[in-house]
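**Student:** Keeping their order, the protein sequence lines are chains A and B.
1 is the number of the first residue of the first sequence in the numbering used here; add one for each residue after it.
1 is the number of the first residue of the second sequence in the numbering used here; add one for each residue after it.
Keep in mind the hints are simulated off the structure, nothing from the lab.
Quick caveat, the model's predicted, so the values are computed rather than measured.
We put the CB at the ideal spot given by N, CA and C, even for glycine.
Careful, some of the hints might be misleading.
[Said to hold, decoys possible] A few chain B residues that face chain A, going by a derived Cβ cut-off under 7 Å, partial list only:
(1) Arg63
(2) Thr64
(3) Val65
(4) Asp73
(5) Asn75
(6) His92
[Claimed, not checked] Restraint-style ranges between C-beta atoms, simulated for each label pair:
(7) B:Val133 - A:Ser277: 26 to 32 Å
(8) A:Gln326 - B:Leu33: 42 to 48 Å
(9) A:Tyr239 - B:Lys137: 28 to 34 Å
Each chain is listed here by its residues.
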Amino acid sequence: MTVKRHTPRKKPRLALFNHKGGVGKTTLTVNLAFTLADMGNQVLLVDSDPQCNLTSYLVAADVVDKWLDESETAGGQTIWSALRPLVEAGKGIKTIIPFERAKRVFLVPGDIRLSQYELDLQQAWLDCLQRKIRGFVETTALSKLVDACATSVEADFVLYDVGPNIGPLNRAILLDSDFFIVPGACDYFSTRALKTLGHSIAGWIKDWNVIAQLAPSDVPLIPGRPAYLGYVLQRFRMYGGDISSTYREYARQLDRHSYGDVAAVLKEIDEQLAPGSLSQFKLGQIKDFATLANLAQEQGLAMANVNGGAQYLKDEARVAFREFAQKIISRIESVSK
Amino acid sequence: MDDFEALSTIVGILKELDADAQKRVLQSVQTFLGVAGERGQHSPNGTLPFSEAPYDQSFSRDRTVSPKEFLRDKNPLTDVERVTCLAYYLTHYRDTPHFKTLDISTLNTEAAQPKFSNTAVAVDNARKLGYLVPATKGNKQITALGEKFVELLPDREAAREAVRNFRPRRRIKKQKSNRKE
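With the hints as constraints, model all of the structure from the sequences given.
**Tutor:** Here you go:
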């Protein structure tokens with residue numbers, strides 16, 4: 001029996017994932033998206049967290065509320081509006097038009113009711129194990145939706161913003177991603193979280209591969225091979241041009257655990273799931289920009305573009321996110337070769 | 001549940017399926033539980049399929065990068081750089097912040113590196129460059145500069161730049177004032 005492998009996508013799909021909450025996933029996702037767009041790329045953001053933080057970040061509160069009110073109507077435009085016909089009536093997914101938030105930045109709005117899809121995904125996984133077609137259709141539904149949205153906006157990059165948990169929804173998203181990046185904060189829990197994160201993803205990949213091997217030939221599949229690009233260090237302060245001593249030891253621990261608990265675990269399955277050597281897994285470090293982060297959330301902008309705040313901080317943010325984006329692009333290029 | 005009960009339950013359920021389905025379910029169970037059948041059973045070319053690749057789910061197993069991998073990644077070019085990298089590894093991967101020259105030499109052997117022509121000289125040169133400093137009881141320890149240098153490797157340009165820009169904090173001596181207030 002051979003392994004069913006997907007042809008690698010030409011336009012990469014990335015998940016910024018850490019099941020530890022409060023590490024700055026959403027803020028990082030938005031800033032990365034705006035930076036990639038500044039560099040000339042079309043970017044599709046998918047708010048796949050039922051908390052809808054990404055949508056709330058980018059869109060005014062009253063508009064978000066209106067979208068949520070209308071999500072179950074014929075004109076609904078949230079992620080749930082698209083998936084609802086499948087979840088509730090077993091029909092095909094509905095087409096939605098991504099919201100153009102800024103030049104080259106598009107958003108698939110989130111929805112609290114996405115949790116209903118997540119409940120179904122648990123059963124869908126079991127159905128997949130029993131080779132039931134419905135299981136495959138449901139598990140791959142979000143992927144199909146994102147395919148359609150990405151095609152409609154000609155996205156060069158798709159970024160998934162995910163919730164902080166190891167649930168069936170995140171499992172389906174991670175298995176649909178080509179790459180994943182781990183945002184890590186400089187604290188003890190973040191370093192500990194890497195161990196469970198690595199094992200969870202490894203388990204999902206293994207399980208999905210069994211499912212894919214046993215799947216009937218005509219069912220839809222997701223790639224099931226998210227490659228670990230690396231981690232980005234966040235939530236630390238600088239002193240004298242360097243990470244301040246309070247955070248330095250955690251920064252070193254994150255570096256060590258990123259390799260030992262994520263990369264090494266995935267390498268045991270397949271070297272290509274965590275390509276590269278120790279120093280290549282650090283994708284960047286984004287210091288705590290304090291007030292800029294709050295301003296950015298209030299204004300729905302990248303930190304470098306906010307009104308107000310210290311100019312030198314905005315310049316620093318622009319440089320940090322651009323370096324981060326460039327590192328991601330070069331990593332993807334080297335991995336894809 | 002003992003073995004016999006488990007077997008009875010499984011057989012009871014499988015009896016209701018046709019032969020093909022029984023075979024498929026058994027293969028799935030084998031794969032899921034990591035209970036290997038005969039090697040090559042699933043792959044005619046004898047290689048293990050992706051899903052059967054060995055994967056140790058142990059949380060407690062130490063998968064820390066080995067000194068050999070560490071040095072391969074950092075790619076030190078001189079004896080001094082290698083000593084500094086080994087000192088970093090001892091400090092941050094072996095919880096040995098204070099070490100003797102012999103510890104460096106032993107780790108160098110473990111990392112399967114060529115022997116130093118003279119370890120003591122290499123360590124002393126690292127000290128002269130500010131990568132190591134003396135600690136108590138004749139031990140050595142890595143400095144902040146040494147750590148920074150290793151962390152930036154293998155980007156040699158960035159590492160050298162960091163060394164050039166490194167300014168150790170100096171205590172400002174209070175000058176005695178002769179003035180009488």
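**Student:** Next, verify each hint and record whether it holds.
**Tutor:** Verification of the hints:
no.	hint	in the structure
1	Arg63	holds, 4 Å
2	Thr64	holds, 5 Å
3	Val65	holds, 5 Å
4	Asp73	holds, 4 Å
5	Asn75	violated, 9 Å
6	His92	holds, 6 Å
7	B:Val133 - A:Ser277: 26 to 32 Å	holds, 29 Å
8	A:Gln326 - B:Leu33: 42 to 48 Å	holds, 44 Å
9	A:Tyr239 - B:Lys137: 28 to 34 Å	holds, 31 Å
Hint 5 alone, counting from the list given before, is not met by this structure.
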